[in-house]
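Now for the letters of each chain:
2 protein chains.
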Amino acid sequence: MLRLSTEKFKTMANFENITIIGVGLIGGSIGLALKKRPSAHKVIGVFHRRVTLKKALKHKAVDIGVMDITSAVRDADLVVLASPVHLIPELAAKVAKSAKPGTIVTDVGSTKEWIVSKIEKLFEASAGVHFVGSHPMAGSEHAGVESASEDLFEGSPCIVTKTRRTNSVAFKKVVKFWKSLGLNVKIMTPREHDRTVSLISHLPHAVAFALTGAVTGKEMECAAEGFRDTTRVASSDPELWADIFLTNRKAILTAGASFNKQFARLLRAIAKGDRCATVKILKNSKSKRDKYLHAK
Amino acid sequence: MLRLSTEKFKTMANFENITIIGVGLIGGSIGLALKKRPSAHKVIGVFHRRVTLKKALKHKAVDIGVMDITSAVRDADLVVLASPVHLIPELAAKVAKSAKPGTIVTDVGSTKEWIVSKIEKLFEASAGVHFVGSHPMAGSEHAGVESASEDLFEGSPCIVTKTRRTNSVAFKKVVKFWKSLGLNVKIMTPREHDRTVSLISHLPHAVAFALTGAVTGKEMECAAEGFRDTTRVASSDPELWADIFLTNRKAILTAGASFNKQFARLLRAIAKGDRCATVKILKNSKSKRDKYLHAK
Chain V
1 MLRLSTEKFK TMANFENITI IGVGLIGGSI GLALKKRPSA HKVIGVFHRR
51 VTLKKALKHK AVDIGVMDIT SAVRDADLVV LASPVHLIPE LAAKVAKSAK
101 PGTIVTDVGS TKEWIVSKIE KLFEASAGVH FVGSHPMAGS EHAGVESASE
151 DLFEGSPCIV TKTRRTNSVA FKKVVKFWKS LGLNVKIMTP REHDRTVSLI
201 SHLPHAVAFA LTGAVTGKEM ECAAEGFRDT TRVASSDPEL WADIFLTNRK
251 AILTAGASFN KQFARLLRAI AKGDRCATVK ILKNSKSKRD KYLHAK
Chain B
1 MLRLSTEKFK TMANFENITI IGVGLIGGSI GLALKKRPSA HKVIGVFHRR
51 VTLKKALKHK AVDIGVMDIT SAVRDADLVV LASPVHLIPE LAAKVAKSAK
101 PGTIVTDVGS TKEWIVSKIE KLFEASAGVH FVGSHPMAGS EHAGVESASE
151 DLFEGSPCIV TKTRRTNSVA FKKVVKFWKS LGLNVKIMTP REHDRTVSLI
201 SHLPHAVAFA LTGAVTGKEM ECAAEGFRDT TRVASSDPEL WADIFLTNRK
251 AILTAGASFN KQFARLLRAI AKGDRCATVK ILKNSKSKRD KYLHAK
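Chains as they are written, first to last, in the working numbering: chain V, 1 to 296; chain B, 1 to 296.
Next up, chain V with everything else stripped away, as it sits in the complex (with noise of 0.2 Å):
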């Protein structure tokens, strides 16, 4: 044990000063979280409004708050952009400028190869600014710097991604930082990452915003708790997820493909009456479901 705290402070100080732009429900978290943890680093939060600066001060999210994202990356070690899913490559451009060299680079989007392919054509030209795509696997269908917490990452799943192009020093520094973070971190190309997501978090979404469409304001009066947990990632923000399905359109359709053709199968059988098939149907997807997941 000793080791591996050894290990988490030698990462923590690798990266004395670290800059989060964007610092809502997930910097925020990122922030409290690093807060959490004994070490020597200063935590600057960049933000586009005055507004969740003085709610994230409050909030103690970040040591500092800017308006300004210049000054705010001059000293860096790492910079880690947290804005929705399309701002993501332009912020990136914009921390490429006024990075020092050294400085490490890394997101949390939700999709990974939009934005990987764009800001790495961006830092061919910025000598010894590398980045590196990451996206911890945490949320909630609430917004915001008010619903950070410290230990919204504890024991989830970052998945961090490698091309060609990445930098291995700076690789394995984002991953040690995810995992000093109690993220549990696993290894993709963009492409992979794009593919399990889609499946994983994007269809989930799609699923519950068009199973919310389907009922009406009063039938949802009688709902129970199955409802309310099917749907309740239809409760997230529209803006940012559509941003994230139109970034990860062709992996999101073909995983909308698989879902209706389980879907169609299902009918299906209901249809004809077949409950020997039905059920197999169902022991299936309940057998998979329990081995992978567990109880809560």
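It is worth saying that the hints were derived from the structure and are not from the lab. Errors might be hidden in some of the hints.
Pairs count within a copy or across copies, as identical chains cannot be separated in the list.
Heads up, simulated DSS-like pairs for lysine-lysine below, C-alpha to C-alpha not over 27 Å straight-line [what the hints assert, rightly or not]: (1) Lys186 to Lys218; (2) Lys283 to Lys250; (3) Lys272 to Lys250; (4) Lys250 to Lys280; (5) Lys218 to Lys250.
Add chain B to chain V, keeping to what the hints say.
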């Protein structure tokens, strides 16, 4: 508040002897909720298997456990049929043979037209034994009396059905019975029930089973809370749910078609890269859900 308590007491006193046939999650929770309340009734549980009988007595879900329906319903004022859906009509037939005139019979089945039409036909010849269809909408993906809880029903909806043949005195007593257990009663015809519940309960279950079917175990290992919640009910009992689906076929197929329409519309907007249409669909679902389901 005194008025309510007296009313509750009267209701309970009207049903001095209550027999629950099938003491699993739902039947067991009814027993526990009854025993939590101060009243003079005796609760008899009827079991199919001796091992469940022992569990239920250990769990204190019933006062007396028996294996034989005839003796258990002879003195009953209220009989609650709490078995899996497909067994309810045949159990009702057995009850009709042994119950005294004036006995009221209700059930907890998740489909109503199939059950109510069968039992009303059966009970035509049984002078003075009245059936009122009910569906307390609480549950869990965990089955069995060991998961039963005295609070399972607190604040949950309970649909009580009314038809041309429903005895109005029996109907009022059954409504009062569920209210006294803390449920929020809604009155519908069996057909209205089946249509509503196909959308808010059966459809989410079918969707969750299909969603789980579309994802491999390996992919599931990266899943976060969103996937876990959206698919929670896919861990429900396959045999039980196959029977619910098959006894409410028509309504589920219609609900499935409504879902398909919504889902296809969302995928179409994503495929086109139409941000405006995508945001509109997501906003519509989010605002409806937030309005009618509030936050937990």
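Right, here's what the structure says about each hint:
In this assembly of identical chains, Lys186 and Lys218 lie within 27 Å of each other by CA distance solely across copies; the values are 12 Å between and 43 Å within a copy. Taking the shortest Cα distances, Lys283 and Lys250 sit within 27 Å of each other only across copies (22 Å), while inside one copy they are farther apart (30 Å). In this assembly of identical chains, the alpha carbons of Lys272 and Lys250 lie at most 27 Å apart only when taken from different copies (11 Å versus 33 Å within one copy). Taking CA atoms no more than 27 Å apart as the test, Lys250 paired with Lys280 passes between copies only; the shortest distance there is 21 Å, against 31 Å inside one copy.
Taking identical chains as interchangeable, the C-alpha atoms of Lys218 and Lys250 lie at most 27 Å apart only when they sit on different chains, with a minimum of 21 Å there against 35 Å within one chain.
Every hint from the earlier list agrees with this structure, and none is contradicted.
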